[in-house]
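2 protein chains.
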Amino acid sequence: MTVTTIPPRSGTAFRLAKGECLTVIDPQGEQVADLVVFNAQDIREAISSGRSLDYASKLYLTTGDLIYSNRSNVVLTIVEDTVGRHDFLLTPCSRDTFRIIYHDEHPHQGCFGNLEAALAPYGVASDAIPVAFNCFMNVVIAPATGALTVEAPLSRAGDYVKFCAEMDLIVGLTACSALQSNNYSFKPIEYRID
Amino acid sequence: MTVTTIPPRSGTAFRLAKGECLTVIDPQGEQVADLVVFNAQDIREAISSGRSLDYASKLYLTTGDLIYSNRSNVVLTIVEDTVGRHDFLLTPCSRDTFRIIYHDEHPHQGCFGNLEAALAPYGVASDAIPVAFNCFMNVVIAPATGALTVEAPLSRAGDYVKFCAEMDLIVGLTACSALQSNNYSFKPIEYRID
Chain A
1 MTVTTIPPRS
11 GTAFRLAKGE
21 CLTVIDPQGE
31 QVADLVVFNA
41 QDIREAISSG
51 RSLDYASKLY
61 LTTGDLIYSN
71 RSNVVLTIVE
81 DTVGRHDFLL
91 TPCSRDTFRI
101 IYHDEHPHQG
111 CFGNLEAALA
121 PYGVASDAIP
131 VAFNCFMNVV
141 IAPATGALTV
151 EAPLSRAGDY
161 VKFCAEMDLI
171 VGLTACSALQ
181 SNNYSFKPIE
191 YRID
Chain B
1 MTVTTIPPRS
11 GTAFRLAKGE
21 CLTVIDPQGE
31 QVADLVVFNA
41 QDIREAISSG
51 RSLDYASKLY
61 LTTGDLIYSN
71 RSNVVLTIVE
81 DTVGRHDFLL
91 TPCSRDTFRI
101 IYHDEHPHQG
111 CFGNLEAALA
121 PYGVASDAIP
131 VAFNCFMNVV
141 IAPATGALTV
151 EAPLSRAGDY
161 VKFCAEMDLI
171 VGLTACSALQ
181 SNNYSFKPIE
191 YRID
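Read top to bottom, the protein sequences are chains A and B.
Numbering-wise (our numbering), the first sequence opens with residue 1 and increments by one.
Numbering-wise (our numbering), the second sequence opens with residue 1 and increments by one.
Do not rely on the hints blindly, as some may be mistaken.
Each pair may be met inside one copy or between any two copies, as identical chains are not told apart.
The calculated SDA-like cross-link candidates involving lysine to any residue, where the alpha carbons are at most 25 Å apart (straight line), are [as the list claims (entries may be wrong)]: (1) Lys58 x Pro107; (2) Lys58 x Asn73; (3) Lys58 x Gln109; (4) Lys18 x Asp96.
These are calculated hints, taken from the structure and not from any lab test.
Given the sequences, and given the hints that come with them, work out the whole structure.
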């Protein structure tokens with residue numbers, strides 16, 4: 001089975017047919033991958049954090065959980081997950097993230113810019129890129145205050161999460177570009193379709 | 001100053017000019033109001049939970065906090081808040097919510113249907129209705145598991161939250177239609193613009 005590598009701080013997009021499964025692999029450990037999907041027949045239908053978290057009644061989706069679209073259709077089922085801690089709250093990192101949070105003077109385009117470039121050939125406008133399912137991202141919540149802290153991912157080398165497509169999809173996937181999310185080093189992400 | 005009432009289980013939409021402020025009032029207590037906003041000059045720019053939570057690095061936005069758009073512009077500033085507990089995670093309740101979570105055979109159209117109807121005259125398509133800022137909604141998170149529980153709002157009669165517009169906006173606002181979110185009774189919401 002072919003494994004494709006996404007180089008550090010980059011992204012890609014591809015089609016995933018209904019019934020196919022996508023395995024997102026963290027080959028070195030502690031590396032986040034932002035995942036977004038769109039209905040291949042109608043890209044106005046997209047992954048929805050709000051609907052998925054609501055219907056699951058929990059923040060941390062893992063094996064057996066369903067990911068819904070903004071039309072309340074199931075887009076992906078999580079069928080295997082060796083980590084169990086991913087984020088579905090925060091926007092893909094972007095020039096704005098680096099400007100607002102990191103105060104960078106010459107910000108990298110981030111996952112958002114990488115997704116924008118990769119998804120443009122499929123007709124997805126940048127305004128339509130939603131909150132991503134951030135594989136391996138470890139956001140810790142202080143219960144009383146709701147303060148969010150981005151900690152090192154819990155993933156170790158070779159950990160993975162496998163999603164099966166419940167409709168024909170356009171997928172956007174990155175090797176995340178934000179220092180804090182990846183324990184301060186940028187590593188590749190691998191994926192496999194079967 | 002004119003106070004407008006949104007009847008139980010309904011919604012409305014209106015323009016809010018840059019510099020104007022919107023006060024959302026819970027006249028009887030324990031009633032949620034879902035709020036969405038769009039740039040009046042370009043409705044592809046909309047309120048973004050993912051960017052707002054990311055830039056604030058916390059879940060519970062309150063007085064002094066900023067609400068961002070999907071283009072990372074500030075759309076609203078929260079200038080007063082007598083409650084301090086609102087939700088910015090979950091999708092507006094909808095026919096799908098009532099079908100999937102409540103197993104209703106004849107589901108109400110919910111906040112989503114009410115927003116859809118109210119925003120249609122402004123050209124907002126239903127697919128473009130994002131995660132709302134759910135005023136007074138009290139979602140409790142179990143820190144270890146991430147389990148989400150919708151509890152009774154902490155708002156008492158007369159509590160309010162005041163937002164000021166940082167750009168010309170189209171606003172969608174509801175008196176929420178979900179039993180659990182409103183401690184099992186449907187009440188009106190009031191609002192004032194000044």
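So, going through the hints one by one against the coordinates:
1. Lys58 x Pro107: Between copies only: 23 Å across chains, 33 Å inside a chain, cut-off 25 Å.
2. Lys58 x Asn73: For Lys58 and Asn73, only the intra-copy Cα distance (18 Å) is at most 25 Å; the inter-copy one is 29 Å.
3. Lys58 x Gln109: Intra 31 Å, inter 23 Å, cutoff 25 Å: inter-copy only.
4. Lys18 x Asp96: Between copies only: 22 Å across chains, 34 Å inside a chain, cut-off 25 Å.
Checked against the numbered hints given earlier, this structure breaks none of them.
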